[in-house]
Amino acid sequence: MSDLGGFSMHELFRAEVETHCAALTDGLLALERTPEDVSVIAPLMRAAHSIKGAARIVGVDAAVTVAHHMEDTFVRIQKGQERTTRARIDQLLEGNDFLLRIAALPEAEVASWSVEHAAEANEITTALSAPAADDAPPAAPAPAVPPAAPASSPVAAAPARPITPTTAPSPAAAPVAQRPAPAVTEAPPAAEAAEARAVRVNADNLDRMMRLAGESMVEGRRSPGLRQALGAVRTDMVRAREALEAATRRGGNARIDAARDALDRADRALVDRLGELERFFRRTEEVSTALYHEVIGSRMRPFGEGVAGFPRMVRDLAKDLGKRVRFDIVGTDVPVDRDILSRLEAPLNHILRNAVDHGIETPAERLAAGKPEQARLLLEARHHAGQLLVRVSEDGRGIDPARIRAKVVERGLQAADVVARLGERELFDFLFLPGFSTARQVTEISGRGVGLDVVHQAVVATGGSVRVESRLGAGTTFALQLPVTLSVVRAALVEVADEPYAFPLSRIDRVLRAGADRISSVQGRLQCDVDGEATGLVDAATLLGLGETARGNSTSVVVLGDEGGRVGVVVSRFLGEEDLVVRTLDPRLGKVPHVSAAAILDDGRPVLILDVEDALNGLRKALGEGTMHGMGAADAAEPARRAAKRILVAEDSITVREVERQLLSRMGYDVTVAVDGMDAWNQLRAGRFDMLVTDIDMPRMNGIELVRLVRADPRFAHLPIAVVSYKDRDEDRRAGLDAGANAYLTKGSFQDQSFAATVTGLVGTP
Amino acid sequence: MSGLPDAADARALAPVPDPDAGLEALLARPLADEDLDRATAALAAPIEHRSTERASLLVVRAGGELLAVRSVDTALVAPPAPVHRVPHRSGAVFRGIANHDGEILLCMALEAALGLPAPAGPRPRASLVVVGGTRDRWAFEVDEVVGVVDVPASAMRAPPVTVAVARNGCIATLARLEHGEASVLDAGALAAIFRGAVG
Chain A
1 MSDLGGFSMH ELFRAEVETH CAALTDGLLA LERTPEDVSV IAPLMRAAHS
51 IKGAARIVGV DAAVTVAHHM EDTFVRIQKG QERTTRARID QLLEGNDFLL
101 RIAALPEAEV ASWSVEHAAE ANEITTALSA PAADDAPPAA PAPAVPPAAP
151 ASSPVAAAPA RPITPTTAPS PAAAPVAQRP APAVTEAPPA AEAAEARAVR
201 VNADNLDRMM RLAGESMVEG RRSPGLRQAL GAVRTDMVRA REALEAATRR
251 GGNARIDAAR DALDRADRAL VDRLGELERF FRRTEEVSTA LYHEVIGSRM
301 RPFGEGVAGF PRMVRDLAKD LGKRVRFDIV GTDVPVDRDI LSRLEAPLNH
351 ILRNAVDHGI ETPAERLAAG KPEQARLLLE ARHHAGQLLV RVSEDGRGID
401 PARIRAKVVE RGLQAADVVA RLGERELFDF LFLPGFSTAR QVTEISGRGV
451 GLDVVHQAVV ATGGSVRVES RLGAGTTFAL QLPVTLSVVR AALVEVADEP
501 YAFPLSRIDR VLRAGADRIS SVQGRLQCDV DGEATGLVDA ATLLGLGETA
551 RGNSTSVVVL GDEGGRVGVV VSRFLGEEDL VVRTLDPRLG KVPHVSAAAI
601 LDDGRPVLIL DVEDALNGLR KALGEGTMHG MGAADAAEPA RRAAKRILVA
651 EDSITVREVE RQLLSRMGYD VTVAVDGMDA WNQLRAGRFD MLVTDIDMPR
701 MNGIELVRLV RADPRFAHLP IAVVSYKDRD EDRRAGLDAG ANAYLTKGSF
751 QDQSFAATVT GLVGTP
Chain B
767 MSGLPDAADA RALAPVPDPD AGLEALLARP LADEDLDRAT AALAAPIEHR
817 STERASLLVV RAGGELLAVR SVDTALVAPP APVHRVPHRS GAVFRGIANH
867 DGEILLCMAL EAALGLPAPA GPRPRASLVV VGGTRDRWAF EVDEVVGVVD
917 VPASAMRAPP VTVAVARNGC IATLARLEHG EASVLDAGAL AAIFRGAVG
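One line per chain: the protein sequences are A and B, in this order. When you number the first sequence by my numbering, it's gap-free, plus one each residue, and the end is 766. When you number the second sequence by my numbering, it's gap-free, plus one each residue, and the end is 965.
Hints are computed from structural coordinates only; laboratory data are not their basis. Please note that a few of the clues may not be correct.
[To be verified] Pairwise CB distance ranges, derived in the manner of DEER restraints:
(1) A/Glu-577 <-> B/Val-843: 45 to 53 Å
(2) B/Gly-913 <-> A/Phe-574: 40 to 48 Å
(3) A/Ala-346 <-> B/Asp-916: 52 to 60 Å
(4) A/Ser-298 <-> B/Asp-916: 39 to 47 Å
(5) B/Asp-867 <-> A/Glu-613: 30 to 38 Å
(6) B/Thr-806 <-> A/Gly-53: 37 to 45 Å
(7) B/Leu-802 <-> A/Ser-298: 43 to 51 Å
(8) A/Leu-206 <-> B/Ala-805: 49 to 57 Å
(9) B/Arg-923 <-> A/Ala-461: 35 to 43 Å
(10) A/Pro-699 <-> B/Asp-916: 35 to 43 Å
(11) B/Gly-913 <-> A/Pro-714: 48 to 56 Å
(12) B/Arg-923 <-> A/Glu-577: 41 to 49 Å
[Unchecked claim] Heads up, incomplete: computed chain A residues facing chain B, CB under 7 Å, no partners named:
(13) Met-209
(14) Leu-212
(15) Gly-214
(16) Arg-255
(17) Glu-499
(18) Arg-588
(19) Lys-591
[What the hints assert, rightly or not] Derived coverage of chain A by chain B (criterion: at least 3 residues anywhere in the stretch with Cβ under 8 Å from a Cβ of chain B; other residues may be distant):
(20) 316-324
(21) 721-734
For every residue, glycine included, the Cβ atom is placed at its ideal position computed from N, Cα and C.
When you get a sec, could you build the whole thing from the sequences and use the hints?
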């Protein structure tokens, strides 16, 4: 039970009025839609009665009077003493608004406000007391041809009814109780559906849970390394047993037999433990993955929660414009990320207003066009293929492609011959350009040429897309495709300046490895041929202020694009694709240019997620100001020359020296060899090297002496040094590291990739 | 109103003597006002900390010097983690971000912040030390964690003014330890330098 002790009586009154008024709005709209459904009346009576009681306790007489008259009206409707008309619904909604306004006032202002608005209260109560205006009942027949909707949707289930003109005798003349039960089943009000399952969770707690759930999954995925290591132990044991068996065959004795038996037992035990470990790892991974998905899921809210205000908005707007609209929402319980839900409200609001204002005809126009007087407007949400699809469709006048073509040519956006060849989909995309409107008349509601571009921007900023489908005379549909959650983003991972970065997949056109044949120079600037289009190249490292990207034989390019055109961003290499849990950057960093968020990779390393919009904008600004330029041919040659990082290998054994030289050369490094420590020291001082790889035991100057000498020289204080030796005792390792080496490896590392990994880790990619 | 019966009344009213009744009556007896006041005052009195007498310090080695952070200012000590530079932000003092148990930490170069010699080469460091509160944590790597020591006030002394000024006012006191004299860092002043480096 919540503690209400901290609230004043007036605050409690306000909370109660808000709750009941929300129920009144939902119920009145439902009653307007299906006036024959008397089951909605009882909750409305209870809501009005509760408000009346609460208002009496806090002494807000104006609210008592209005609520009382509303309750009386509901009683009359329930008893069949009056029928529900649109005018009556309007009056009741006005009463509802009055109650909300009075409850929202500071306590001290209630008395004076009540006096000032006494006339308004009087108007409402007088209207409610008077007999209902004799207009048509609010429920209009469904159109003969309902708009396309999923077979399972309640809208599609509505039976077609004959068109009833407004002047026809009202079917509502029959007693209310005798009317047939409605065939259309409505989704429960969004708030009701949501409240049944929702609990409040502290956002910080949720973030910490997400963090730990993600980390738990990362840890779960690390287990294969341990599994492989144990597998290697077992391989060694199998080899040892084979060696023992070979020795036995050559003339075994009891000791060898005993050793072999012991080894067999150990092997069997190891196999058993490995099996257990395997099951444990699998289970841990399953549980941690499930936990992670559950925690991510806790960010989800029902779609209906974000669109609860639209039915009233559409209803009032249609009334103001003299239109008849039946508005349905399908998929109120579809889970949507709470951030996406909040960002959807503005674009949907605009699309719905546009639909009522421009898309839907007046009743007279509809009748003349052979359509039902009442238009259908459907807002629908569903998940499809890992995406959230939101559609707003109406059966209005549709968009005339000829008018858009004319407008495009008139604005000089495209040549007439090009426009003539455009398909409808390409043509409709012009609607999202800033300032593009085909509305003949600017109204208070829409048609100012602003809005659809804002809709487009808002949807794109959420990582989604929007398109229009329309058939002249039959209606228009806006289809929004959005990520299900902003918490997880599918990203292309790349390496820039030896560190991982992520491009959200939804924000990139494509990635490609371009050979020299696809790259050419125009006025000294490099361009790449992408689908026949010349795409300028820029260096990701330069853009991020991290130096320059070295290019090898092929260039890794991430192609980005927006209305301003395409740009190819050159990265060091592609690392793959991964689902990343998006983490906001530490606020102490402020807005980091071109970076939108951070994440943790599967291997536990942090990664930065790039803000593609910001990067493109920043790029264009920098190019315009001349503070940055496209990747030039000279840049390409220079990094190529510098690309091969230089490694000095000091080793007295010609065989080992050659193995190391070949290994490193194959990796792409520029390798120079030295035959002993003294030779290496002389070469180091004479040339420029990025890394030193040295043996320990060498004539003239051994490896330890070499490392000490190198470290004592300030010029080489930061030079990465790896010692590679046959000596694998702890004291040898310690001696090497104490002398100043960054890594100590044994020569066995040549086989198991650890040599290559250590070199790359210390000096970076070639 | 008659109020609660006193112990004698309770005994007189009980038809059968109950061995626990006396104890219950004693416990149920209302406190005298002066007792209540005394107990309230005792509870309300500020708790006396002994921090002025002794200090618990986390002692580390970095930049070739013995440094210490008060244990109360230390959030955790963890193994070092890979640091990812942050474009247009990373510099001499702010190295980048690092992951610890799913928390993305801002990783700083303590030596650079204090003007000490930089560590030689990209050699692995011993530990990651995190200082500060929940919303103002800062991580930095050190070469060695010597341990946590309890130091008496008598072992503390003010740093020379040359050090205090040179190190941006980050050295609060000097603490004589068995390993040598450690510079005790003022976590607030250190956080101020770190904040200046990331903004």
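(request) For A/Pro-699 and B/Asp-916, compare the CB-CB distance with the range 35 to 43 Å and indicate the outcome. (result) Hint violated: Cβ distance 54 Å, outside 35 to 43 Å.
(message) Taking 52 to 60 Å as the stated bounds, is the beta-carbon spacing between A/Ala-346 and B/Asp-916 within them?
(response) holds (59 Å)
(request) Take a look at whether the Cβ-Cβ distance between B/Arg-923 and A/Ala-461 falls inside 35 to 43 Å. (result) violated (58 Å)
(message) Checking hints one by one. Is A/Arg-255 an interface residue toward chain B, by the C-beta closer than 7 Å rule?
(response) violated (44 Å)
(message) Under 7 Å is the threshold here; is the Cβ of A/Arg-588 close enough to any Cβ of chain B for the hint to stand?
(response) holds (5 Å)
(message) Restraint: A/Glu-499 near chain B, CB-CB cut 7 Å. Satisfied or not?
(response) holds (5 Å)
(request) Go ahead and decide if the range 43 to 51 Å is satisfied by the Cβ distance of B/Leu-802 to A/Ser-298. (result) Roughly 47 Å apart at Cβ, these two residues keep to the hinted range, so it holds.
(message) I want to verify a distance hint. Is the separation of the beta carbons of B/Gly-913 and A/Pro-714 within 48 to 56 Å?
(response) For B/Gly-913 and A/Pro-714 the Cβ distance comes to about 32 Å; the hint is violated.
(request) Grab the minimum C-beta distance from A/Lys-591 to chain B and call the hint holds if it beats 7 Å, violated otherwise. (result) violated (10 Å)
(message) Does the beta carbon distance between A/Ser-298 and B/Asp-916 stay inside 39 to 47 Å, or does it fall outside?
(response) Given a distance of about 43 Å, which is inside 39 to 47 Å, the answer is holds.
(request) Take the C-beta atom of B/Arg-923 and the C-beta atom of A/Glu-577, compute their distance, and say whether it sits inside 41 to 49 Å. (result) violated (59 Å)
(request) Let me know if the C-beta of A/Leu-212 comes in closer than 7 Å to any C-beta of chain B, holds or violated. (result) holds (6 Å)
The earlier numbered hints that this structure contradicts are 1, 8, 9, 10, 11, 12, 13, 16, 19, 20, 21.
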